[in-house]
Amino acid sequence: MKQIASLPTHAGDQTTAAQAMLVAMAIIGVTDNAVPLMAETIGLGQFYLLRTLVALPILWGLSKTGFGSLLPRRFGAVGLRALLVALAMVFYFSAVALMPIAQALAGLFTSPIIIVVVSVLFMRLRIGMVRIAAVIGGFVGVLFVLQPDVAVFDWLILLPVAGGFFYALGSIVTGTLCKEESTVAMLFIYLLAQGLIGAGFLIAVEIWPLPVGQGADGFVTRGWIWPVWEISHFILLQGFAAVAGVFLITKAYQLGEASFVAVFEYSVLLVGPAIAWAAYGQVLNFWQMLGIGLIVLAGATLALRSSKGV
Numbered sequence: 004m005k006q007i008a009s010l011p012t013h014a015g016d017q018t019t020a021a022q023a024m025l026v027a028m029a030i031i032g033v034t035d036n037a038v039p040l041m042a043e044t045i046g047l048g049q050f051y052l053l054r055t056l057v058a059l060p061i062l063w064g065l066s067k068t069g070f071g072s073l074l075p076r077r078f079g080a081v082g083l084r085a086l087l088v089a090l091a092m093v094f095y096f097s098a099v100a101l102m103p104i105a106q107a108l109a110g111l112f113t114s115p116i117i118i119v120v121v122s123v124l125f126m127r128l129r130i131g132m133v134r135i136a137a138v139i140g141g142f143v144g145v146l147f148v149l150q151p152d153v154a155v156f157d158w159l160i161l162l163p164v165a166g167g168f169f170y171a172l173g174s175i176v177t178g179t180l181c182k183e184e185s186t187v188a189m190l191f192i193y194l195l196a197q198g199l200i201g202a203g204f205l206i207a208v209e210i211w212p213l214p215v216g217q218g219a220d221g222f223v224t225r226g227w228i229w230p231v232w233e234i235s236h237f238i239l240l241q242g243f244a245a246v247a248g249v250f251l252i253t254k255a256y257q258l259g260e261a262s263f264v265a266v267f268e269y270s271v272l273l274v275g276p277a278i279a280w281a282a283y284g285q286v287l288n289f290w291q292m293l294g295i296g297l298i299v300l301a302g303a304t305l306a307l308r309s310s311k312g313v
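Note that our numbering has the sequence shown beginning at 4, numbered continuously upward.
Any given hint could be a false lead.
Have a look at the derived ranges for each label pair, beta carbon to beta carbon [to be verified]:
no.	residue 1	residue 2	range
1	P212	I135	43 to 49 Å
2	L273	Q150	15 to 21 Å
3	L74	V231	29 to 35 Å
4	P214	V120	19 to 25 Å
Simulated from the structure, these hints should not be mistaken for lab results.
Where a beta carbon is used, it is the ideal one built from N, C-alpha and C, also for glycine.
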């Protein structure tokens with residue numbers, strides 16, 4: 004999960020900012036690898052709802068200790084952003100449960116590419132050849148990682164790309180409509196949206212039950228499962244990570260220059276697959292490793308060039 008809160012850039016300690024971002028990405032890389040284990044037992048709706056119920060009291064505590072108000076200034080804009088990012092995470096977490104995390108992350112990290120494309124097509128942004136080349140290179144990198152079968156197309160590979168699409172839209176709304184909002188307020192509304200989507204999923208599969216596959220294959224269509232004591236530690240981990248990860252990401256952007264800090268977000272493309280290799284034996288081939296390199300290069304280029312406006 005990349006940056007979901009945008010704050011004005013302040014001069015600060017670049018080293019501390021980079022360290023905060025690296026720790027945030029390490030938290031995300033570890034906790035996202037726990038999703039496939041949870042997907043063996045519970046469904047997406049229950050995962051979303053329980054994650055929210057754990058995170059909200061933590062966020063309330065942060066608000067009471069002076070980190071910001073829970074109420075946004077512009078509820079409509081913050082609500083739209085929350086819905087878009089929450090939808091993005093629906094697709095991303097579904098992908099994490101059903102495919103190697105490297106592929107899920109590659110799809111999610113199409114968001115910087117999509118932001119540029121949307122900005123050019125609909126916001127009349129003018130870009131130079133370097134950013135055009137970065138978009139093309141990043142797209143090629145995503146194809147290398149996802150490795151779609153040209154003979155038999157698997158719609159599953161579109162899950163993380165859909166996550167990247169909605170995340171990009173959420174980032175655009177954040178940057179254009181939510182600049183003056185506090186991180187706590189945006190995270191609070193995001194978690195509420197996440198919880199409501201989770202509850203909606205649970206109600207939907209109760210009214211219109213769908214076939215439920217075995218293990219992680221049933222993650223998307225599975226209803227409420229009880230008891231969940233065996234995975235309660237994973238649920239608590241997810242709730243704490245939802246708050247801690249965003250807090251550290253925001254702190255990084257407060258301390259450091261935005262284009263510099265953004266580059267370190269791509270460390271999750273190394274941490275996530277490394278944890279997956281150690282925990283599950285997920286191995287990347289040469290082309291997938293090359294693809295990750297192209298995505299990192301493209302994202303870093305877009306971040307640095309955007310700061311210069313060229």
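**Study point:** Indices of hints not satisfied (ascending)
**Key:** Going through the list in order, the structure violates hint 4 alone and respects the others.
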